[in-house]
Amino acid sequence: MSKLLDMQNISKSFPGVKALSNVSLDLHHGEVLALVGENGAGKSTLMKILTGIYEKDDGEVFLEGQKINVTSTKHAQELGISIIHQELNLMKDLSIAENIFIGREPRGLLNFFIKDQELHNKTRELFKRLSLDLNGKTKVKDLTVAKQQMVEIAKALSFDSKILIMDEPTTALTDAEIDVLFDIIANLKANGVGIIYISHRMDELKRISDRITIMRDGEYIATLNTKETEMSKVIQLMVGRELYIESKPTVSDSNRETVLELKNVSTNTNLKDISFELKKGEILGFAGLMGAGRTEVANAIFGVDKIRSGEIILQGKKVQITSPSRAVKQGIGYLSEDRKHLGLVVDMDVKTNIVMSSINDYQTLGFVNDQNIAKISEEYVERLKVKTPSINQQIKFLSGGNQQKVVIAKWLLRDCDILIFDEPTRGIDVGAKGEIYKLLDELAEKGKSIIMISSELPEVLRMSHRIVVMSEGRITGILNSEEANQEKIMELATAYREG
Amino acid sequence: MKADTIDQITVTKKKNKGIPSNTLQQVLAFSSLVVLVIFFSFASSSFMQWSNIVGILLSTAVIGILALGATFVIITGGIDLSVGTVMTLSSVITGIIIVNSDLPIIVGVVGGILTGALCGLLCGLAITKLKIPPFVATLAMMMIAKGLALVISKAAPIYFTDKPMFTKIALGSIIPGISIPNAVIIFFVLGIIAAIILSKTILGRFNLAIGSNEDATKLSGVNVDYWKMTIYTLAGAFTGIAGVLMASRLNSAQPALGQGYELEAIAAVVIGGTSLSGGKGTIIGTIIGALIMSVLTNGLRVLSIPQEWQTVVVGFVIILAVYMDILRRGKG
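Going line by line, the protein sequences match chains V and U. According to this note's numbering, the stretch in the first sequence is residues 1 to 499, in order. According to this note's numbering, the stretch in the second sequence is residues 1 to 332, in order.
One or more of the hints may lead you astray.
Claimed, not checked - Mimicking PhoX-like on lysine-lysine, the simulated pairs with C-alpha atoms at most 20 Å apart in a straight line are:
1. V:Lys-92 to U:Lys-218
2. U:Lys-218 to V:Lys-155
3. V:Lys-74 to V:Lys-48
4. U:Lys-146 to V:Lys-122
5. V:Lys-139 to V:Lys-155
6. V:Lys-317 to V:Lys-329
7. V:Lys-48 to U:Lys-218
8. V:Lys-306 to V:Lys-317
9. V:Lys-162 to V:Lys-3
10. V:Lys-115 to U:Lys-200
11. V:Lys-340 to V:Lys-387
12. U:Lys-163 to V:Lys-139
13. V:Lys-385 to V:Lys-329
14. V:Lys-280 to V:Lys-318
15. U:Lys-218 to V:Lys-74
16. V:Lys-385 to V:Lys-306
17. U:Lys-200 to V:Lys-137
18. U:Lys-146 to V:Lys-92
Simulated from the structure, these hints should not be mistaken for laboratory data.
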């Protein structure tokens with residue numbers, strides 16, 4: 001059988017990062033190929049190259065034996081390649097029908113007027129063919145997220161594509177809707193359409209795919225026949241390295257006091273029934289895939305997102321944290337994953353950033369007290385070993401690791417006892433990572449309690465006393481460091497709607 | 001397909017909340033206009049006189065036409081600060097062609113409109129090709145047009161005294177028997193054209209799509225840059241028409257006039273319910289917005305409230321209108 005799609009030795013670099021190196025992938029007519037890998041493995045980049053959003057640096061792409069060079073999304077559509085993006089790409093103020101046929105509206109007079117009647121007829125036909133119960137005239141913003149997802153899918157299917165890429169299409173769908181989607185996929189397969197299906201949900205892959213291609217760290221690892229493969233094998237290949245990591249003793253002795261407790265917390269940001277305890281001097285790791293709800297937990301604790309039900313107990317007392325400034329007053333510090341936008345004022349100098357949250361202690365009648373600021377900044381720069389020529393250096397000239405240290409200094413100065421780190425070593429080079437780890441360890445030893453959200457499993461395993469694993473807005477397991485390993489975490493992280 | 005799955009989906013479907021938000025917004029704006037008219041007609045007997053009504057409509061025409069063009073731009077999520085002075089430049093060009101060069105009136109009219117369109121196109125180019133934010137690009141165009149108008153006219157008004165036909169464009173009455181000035185008729189005809197463009201053509205559709213989600217529109221294969229340039233050019237053409245009418249109405253091209261009109265046009269658009277963040281807006285809303293502004297200023301003048309205070313009131317009305325819009329969206 002001839003190959004529908006053949007991507008050979010694709011490479012792609014972004015400034016400072018090799019996103020893909022020599023990745024190959026092939027797809028047959030009427031086949032569902034699952035594409036799996038951890039966050040950042042390069043799946044999305046590869047698909048963006050196939051659909052003309054990125055340009056490849058190296059390698060070749062063949063469509064039905066013909067060499068192609070996809071230059072734009074429009075070109076991809078013309079070639080019969082369409083994609084359902086993970087993040088919704090809809091124009092919410094427009095109706096469903098207008099969204100589906102945007103840029104392809106049936107036209108009348110002067111090729112300028114839109115034949116609205118025909119547009120709606122075409123939409124109705126499409127929905128009939130896909131057995132979708134939607135009214136094309138409804139505005140997209142009036143739909144639930146799941147419905148919007150179905151509109152995306154309908155849009156992609158309306159192209160009569162040869163190749164359809166689905167990037168995590170079921171994240172927002174209910175079970176019944178997933179059944180509908182899978183029926184549609186079966187139908188497409190029967191018509192010879194090739195489908196590339198990106199998902200983290202092993203149960204879905206087992207159910208829907210014919211073959212599984214595994215990527216890791218921008219490289220091609222293996223392609224396996226689904227029927228002959230155990231899913232645990234897939235997970236092992238995704239995670240790769242069977243690293244032995246020295247783990248920490250659990251801080252679970254009962255005389256350790258609980259500083260923060262969440263009881264059955266749910267939010268409108270999709271968190272469901274979150275319960276856990278954070279102990280004094282503990283590093284509590286949070287693992288999970290992208291969109292599992294880890295950052296949302298931080299936002300709930302820090303007063304960014306409103307809590308719908310459940311309670312937060314801080315130092316034994318029930319508290320209502322309604323805003324970040326309240327959280328800070330309660331001694332909670334939040335170190336965002338987006339350091340440059342949410343953690344620091346990069347155009348200002350080191351000392352100003354360090355005292356940013358405590359500026360009230362360094363002013364008299366509104367005049368800032370520069371001498372005291374300089375003194376305290378020097379002290380913290382020394383203590384945290386921030387490498388900077390002086391405290392007057394602008395933050396943007398510091399390396400990522402040193403920027404992170406400045407953020408930490410800011411919250412320490414504010415006397416925070418609970419520190420929430422969201423991806424503490426993102427964008428920090430390997431050498432500096434070690435220093436940040438050491439700093440976190442020291443902080444914990446001194447009695448600070450740390451919540452560490454990280455997508456890097458080795459980091460979570462190396463740093464955490466206990467590990468909370470999340471999936472789909474729920475906690476799917478809490479592991480002690482002795483029992484935790486990458487496979488166990490990945491299993492919990494891909495558990496679909498447990499409990 | 002199993003029937004039970006379809007039923008389940010139908011059950012989860014979000015219920016539609018009665019009146020669509022666009023219609024509600026128009027009803028709200030229109031009722032405010034009616035309330036204002038009723039209020040002023042009780043407050044002053046001279047308000048409802050025919051001559052006063054014609055006066056209101058005439059003063060709405062120029063701002064209203066500017067606002068029609070601005071509606072398209074604002075729906076993209078952009079802004080056009082240049083319309084006031086570009087309107088002036090268009091008047092001056094029309095004057096130069098008709099008076100100084102003694103060419104036929106129609107050439108002057110077309111020249112004025114093309115001047116506006118060209119300025120719009122240049123703004124569009126700067127925004128799409130040079131990636132200059134609309135605020136800055138059109139601010140620059142505002143100053144360029146202001147300066148050019150003064151340079152070309154040598155800072156002196158150009159009078160159309162020898163061309164009596166020219167003033168008929170705005171002030172004559174094409175419909176016999178009813179003394180409605182042409183400017184008013186032109187405004188309403190342009191309003192209808194604009195409404196058709198926005199709701200029935202691909203230009204309008206892409207305009208709303210770009211304002212709603214520019215990236216998604218681009219990913220759908222739409223040439224976003226091209227359509228943005230077209231939209232700024234279209235808005236520029238509306239500005240040019242306003243410039244010609246302004247000159248005709250004043251029987252002169254006044255090079256120092258015009259600045260500040262852009263803000264009144266934007267105010268009319270905003271009062272009409274078009275969102276400054278883009279993606280939604282209607283032409284009928286803008287027409288009502290422009291009428292509300294001139295009814296307000298006229299009514300306050302009829303009540304002998306000083307002009308300074310009229311401006312203060314308009315300022316508060318803008319806050320009120322936009323706040324109502326935010327409340328409405330918060331609930332919806």
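message: Holds or violated: V:Lys-340 and V:Lys-387, Cα atoms, limit 20 Å.
response: Cα-Cα ~18 Å, so holds.
Proposed proximity, V:Lys-306 with V:Lys-385 (alpha carbon, max 20 Å): violated, 37 Å
message: Hint check: V:Lys-92 vs U:Lys-218, CA-CA at most 20 Å. Holds or violated?
response: holds, 15 Å
task: Starting from U:Lys-200, check that the Cα of V:Lys-137 is at most 20 Å away, please.
output: Answer holds: U:Lys-200 to V:Lys-137 is near 15 Å, not above 20 Å.
- request: Could you grab the alpha-carbon distance between V:Lys-306 and V:Lys-317 and see if it respects the 20 Å cut-off?
  value: Holds, at about 19 Å.
query: Straight-line Cα separation of U:Lys-218 and V:Lys-155 no greater than 20 Å?
result: With Cα atoms ~15 Å apart, U:Lys-218 and V:Lys-155 stay inside 20 Å; holds.
query: Holds or violated: are the alpha carbons of V:Lys-48 and U:Lys-218 at most 20 Å from each other?
result: holds, 14 Å
message: Run the distance test for V:Lys-385 versus V:Lys-329: straight-line Cα separation, threshold 20 Å.
response: violated, 27 Å
message: Just to be careful, I want the Cα atoms of V:Lys-139 and V:Lys-155 compared with a cutoff of 20 Å; is the pair within it?
response: Judged against 20 Å, a Cα distance of about 15 Å means the pair holds.
field: Satisfaction of hint between V:Lys-48 and V:Lys-74, Cα-Cα up to 20 Å
entry: Distance of about 13 Å is within 20 Å: holds.
- request: Would you check the hint for V:Lys-115 and U:Lys-200, treating anything up to 20 Å between C-alpha atoms as holding?
  value: holds, 8 Å
- prompt: For the pair supplied as a hint, V:Lys-280 and V:Lys-318, is the alpha-carbon distance within the 20 Å limit?
  reply: OK: V:Lys-280 and V:Lys-318 at ~17 Å, within 20 Å.
Figure legend: structure checked against the earlier numbered hints; hints not met, in rising order: 4, 12, 13, 16, 18.
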